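J.: Line order of the protein sequences matches chains A and R.
Positions 2 to 454 (my numbering) are the ones given, in order, by the first sequence.
Positions 3 to 492 (my numbering) are the ones given, in order, by the second sequence.
No lab work stands behind these hints, which were simulated from the structure alone.
It is possible that some hints are incorrect.
[Said to hold, decoys possible] Lysine-lysine pairs mimicking DSBU-like chemistry, simulated, CA-CA at most 35 Å apart:
(1) K30(A) <-> K297(R)
(2) K134(R) <-> K97(A)
(3) K40(A) <-> K97(A)
(4) K486(R) <-> K297(R)
(5) K184(A) <-> K136(A)
(6) K98(A) <-> K40(A)
(7) K30(A) <-> K97(A)
(8) K98(A) <-> K81(A)
(9) K87(A) <-> K172(A)
(10) K30(A) <-> K84(A)
(11) K87(A) <-> K128(A)
(12) K297(R) <-> K327(A)
(13) K84(A) <-> K40(A)
(14) K31(A) <-> K84(A)
(15) K128(A) <-> K205(A)
(16) K428(R) <-> K98(A)
(17) K81(A) <-> K155(A)
(18) K415(A) <-> K184(A)
(19) K30(A) <-> K87(A)
(20) K31(A) <-> K297(R)
(21) K40(A) <-> K297(R)
(22) K134(R) <-> K136(A)
(23) K486(R) <-> K344(A)
(24) K87(A) <-> K40(A)
(25) K134(R) <-> K40(A)
(26) K205(A) <-> K184(A)
(27) K344(A) <-> K187(R)
(28) K134(R) <-> K327(A)
(29) K486(R) <-> K415(A)
Bear in mind the structure is a predicted one, so any value in this text is a computation, not a measurement.
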Amino acid sequence: MTDISQTPAAAPAAKPKKGSLFEQDARTKKRNAAESRFKMYGIAAIGIGLLMLIVLVTNIVTAGTGAFQQTFLELNVELKEDKLDKKGNRNIEDIKKVSTFGYAPLIASAIETEVQELGIQTDLSPKEMGKILSKAAQAELRNYVIANPDEIGKTVSFRFLVNSRVDGYMKGRVTRESIANDKSITVAQLDFVDQLRDAGVLYKAFNPDFIFGSDASDQRPEAAGIGVSMLGSLFMMFVVLALALPIGVAASIYLEEFAPQNRLTDIIEVNISNLAAVPSIVFGILGLAVFINYMHLPTSAPLVGGLVLTLMTLPTIIISTRASLKAVPPSIRDAALGVGASKMQAVFHHVLPLAAPGILTGTIIGLAQALGETAPLLLIGMVGFIASNPPDGLVAGFLSPNSAMPAQIYEWSKRADPAFYERAWGGIIILLIFLVTMNTIAVILRRRFERRW
Amino acid sequence: MALSWLLLILLAFAVIGYFAGRSRALASAGGDARDLHSLPSYYGYNVALTALVPALGILVVWLLAQPMIVNSTVAGMIPDHAIPEGADRGLIMSEVRRVSNGLAGAVATGALSEAQAGNADADIAELTQTLKDSGQVLTQEITKPILVAAQKYRSMTSTGTIAMQVIVVIVALFGAAFAYIRTHKEFRARNVVEQGVLALLLLAASIAILTTVGIVLSMFFETLNFFQLHSWKDFFFGSTWAPNFRGGSELSILPLLWGTLYISVIALLVAVPIGLFAAIYLSEYASGATRSIAKPLLEILAGIPTIVYGLFALLTVGPALVSMFGEGGALGVGWMASSNAVLTAGLVMGIMLIPFVSSLSDDIINAVPQSMRDGSLGLGATHSETVRQVVLPAALPGIVGAILLAASRAIGETMIVVMAAGAIAKFSGNPFEAMTTITTRIVSQLTGDTDFASPETLVAFALGLTLFIITLGLNIFALYIVRKYREQYE
């Protein structure tokens, strides 16, 4: 005490007081500057993170929305009876005998008529004019005729897909400069496209076939759709849900409520936390070795994909289920045991229902994770496969080869024609819509049913 | 009889057994449920479970074991001289299976009678033609040994399947009958059912072990096969990765490991500073409102599938980098030739890892006791001094653990590197060059037409096992550090 009281007494004579609350000395200024710099680093880091998110999302939206629109050419096609149904008896078998090649003259003459009616001046030959259409145009018309044989002999107005270069031109991806070395389209054809567009017969419109249709070969990006691989993903999610949810919940109940403290329990716990961190590609190797090479399950089948994704999702579901079981207070169990329930009854009748919302939330998040996973699917053959036909029936849905949404996106990103890139981005928009919806449902469930004890 | 029918029959047994057991129990108590040891439904469950569980267990084991037994028996039948040059037993066996499927398909469509399909002395040319006509897929010429093996395969499989069905149904019936007879009002049904359910729960929990064992075994045996065909010295210590499907490949993991580590380091250089500073700001400075907005937004980055990052790297970041560092680019340096480069993959992977580092570090920083901060602030330290000199040193082991977890993520990441890193295996320090990684090579060796007898395909399993061990080691080490650190302040 004496020391402290004496020191100030000696000090005033030696030095005038330097620091004040109103005037900072150099050292304080430096420290305060360091403080605000440090804070700025933090803000900058968060800013960079959020900026990346914004860049990513804007990039996806700007690059992908184009896929939902497609350029169409509307033509009046005369379905000549002498070409399509020579016998004139509308027998569907006879009509089917006319190959897609047989429809080419009908389309060619339809374009010629259209050009004359609209008064378009062009030096292009009819064949060159026809080349602005998609290679799928004849098949489209044939499918229409087979579905509506009564229309034969009439003139119908039909909307044809144009090819990907013309579509790219309408969307600004292809320009007159960029096609200098392109063999599939000429500047004259683009001029012709301009004329058709001004006449209003060539226009962009919403393209439901992208969402619901099937994949097309790499010659026809304009006809490719993600619908069939969406079904593949759906069947995989059925498998994951049917296996991962019961197994995951059973495993969590055991570990959380019944497991004794012993070596086996420890091994299980360590295994689960390690499996959660195993690279997903390793699960793909497991699937290839066990399900395909050993059990001879069909390659590329959603069943195999579902099994692999189940093993991958299990740790996620187990971890979240255990957390929600743990959140149910012991008083609930004690009360049930107190009125004479067995331990099993207490868990299944009281704890599990109370933990159900949390389990559901965890399951949805696990499913969302599985839905976006690609790497294991590459190894079990769900890539490099053209998902051109929707599966017929439930069993085929599980067992016949199919693709899945992320695998389809990867497949498109590998193809040479840049028109597929637009479709890959469009596929990502659809995939993200699914993921956002699932996560929103999970958040709503959590908010709605979460109980604080 | 298809498998689904068998399952339906078993299910029907269980349902019938439930009601039968329940009513027998009630009858034995004279219709008064109070005289029973357990609730009436437990007697029902007892019968249903005893019918269902052993039968299903046998079914699963049988389905797993039968292909193995049939395969090894039939493979033993094929004489060595029947195996052509350049093929092995596995290849012949897949042909045998194909022929046997073809025979089954032909019988199903009626192109062949059962006797014709089983006739070992059948004219092979004629049979091949019949099979082809009925639309069955055959790739090779059918030879006599293959035909005999295929017929044996087919007969063994069908006998096995019939035996399985019979045995499973009998076991289910016996189980139901046994439990039904035991059903009496004194019988302690609840205890028995609960024991059974507990066993099922334990079984479900053991699937985690089974998966790990499956992963290790599936890669281990193929890796052994690989090391029989290829020297392990070249794999671990060689310097060149040059697979050649005509033989004479050099398959060394070192160039791939170099590419993997290089890309991971770049990713961590991006993710660690950003993630760490974001975590510090969010946990030490940000107001509750900022935190509740910024944290979930950052975590969205973690929920985006890797295919999206892959496409982002391939189509956006790569071309953008080329337009900056490439020939005639904005900087005019001409360092970057193609958009596939270490830098492209590393940057995008870094973005992906930001939320991973930030939310783990956030948890760890929050776990540092408030009293330590209060002490430091009370001594006159500024907020940033407190963070740098007190909070961070205290949280350091945990943060190191978080970084290690992020590193293991980066090493095992597949889609980004498959799409954006390139395919050239080499030792190079130039981040603008394309390089390849372990995961990329696993994908490329195992997709497309693969021949599971060549070292070029089998090397993928050795790579996978190495990858598994590396990531597992990192994870165990990281979890150990994190756990140890947590105990310190609890």
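J.: Hint by hint, note whether the structure agrees.
T.: Cross-check of the supplied hints:
With a C-alpha separation of about 32 Å, the suggested pair K30(A) and K297(R) falls inside the 35 Å cut-off, and the hint holds. With a CA separation close to 26 Å, the supplied pair K134(R) and K97(A) stays within the 35 Å bound. For a cut-off of 35 Å, the pair hint linking K40(A) to K97(A) is broken: about 73 Å separates their Cα positions. Taking the CA atoms of K486(R) and K297(R), the gap is near 26 Å; set against the 35 Å cutoff, the hint holds.
Taken as a hint, the K184(A) and K136(A) pair is honoured in the structure, with Cα atoms around 15 Å apart against an allowance of 35 Å. A hinted pair counts as satisfied when its Cα atoms are at most 35 Å apart, and K98(A) with K40(A) does not qualify at roughly 76 Å. Of the supplied pair hints, the one linking K30(A) and K97(A) is violated, its CA atoms being roughly 88 Å apart against a limit of 35 Å. For the hint linking K98(A) to K81(A), the alpha-carbon distance of about 15 Å falls within 35 Å, and the restraint holds.
Between the alpha carbons of K87(A) and K172(A) the distance comes to roughly 42 Å, so the proposed pair goes past 35 Å and is violated. Between K30(A) and K84(A) the CA atoms are separated by roughly 92 Å; this puts the pair beyond 35 Å, and the hint is violated. Only pairs whose Cα atoms come within 35 Å are accepted, and K87(A) paired with K128(A) is accepted, the gap being roughly 25 Å. Proximity of K297(R) to K327(A) is assessed by CA-CA distance (about 25 Å); at most 35 Å being required, the pair is judged to hold.
The straight-line distance between the Cα atoms of K84(A) and K40(A) is roughly 78 Å, outside the 35 Å bound, and the hint therefore fails. As the CA atoms of K31(A) and K84(A) are separated by approximately 90 Å, the hinted pair breaks the 35 Å bound. Straight-line distance between C-alpha atoms of K128(A) and K205(A) comes to about 23 Å, which keeps the hinted pair within the 35 Å bound. At roughly 57 Å between alpha-carbon atoms, K428(R) and K98(A) are farther apart than 35 Å, so this suggested pair is violated.
The hinted pair formed by K81(A) and K155(A) meets the criterion: a straight-line CA distance of about 7 Å does not exceed 35 Å. A distance of roughly 21 Å separates the Cα atoms of K415(A) and K184(A); the hinted pair therefore holds under the 35 Å criterion. The suggested pairing of K30(A) with K87(A) is violated, with an alpha-carbon distance near 96 Å, which exceeds 35 Å. A distance of roughly 31 Å separates the Cα atoms of K31(A) and K297(R); the hinted pair therefore holds under the 35 Å criterion.
For a cut-off of 35 Å, the pair hint linking K40(A) to K297(R) stands: about 17 Å separates their Cα positions. The hinted pair formed by K134(R) and K136(A) meets the criterion: a straight-line CA distance of about 33 Å does not exceed 35 Å. Taking the CA atoms of K486(R) and K344(A), the gap is about 34 Å. The hint holds against a cut of 35 Å. About 82 Å separates the Cα atoms of K87(A) and K40(A), which puts this hinted pair outside 35 Å; it is violated.
Taking the CA atoms of K134(R) and K40(A), the gap is near 76 Å; set against the 35 Å cutoff, the hint is violated. Between K205(A) and K184(A) the CA atoms are separated by roughly 24 Å; this keeps the pair inside 35 Å, and the hint holds. A C-alpha spacing of about 22 Å is found between K344(A) and K187(R), which places the hinted pair at or below 35 Å, so the restraint holds. With a C-alpha separation of about 62 Å, the suggested pairing of K134(R) with K327(A) is violated against the 35 Å cut-off.
For the suggested pair K486(R) and K415(A), the alpha carbons sit about 46 Å apart, so the restraint of at most 35 Å is broken.
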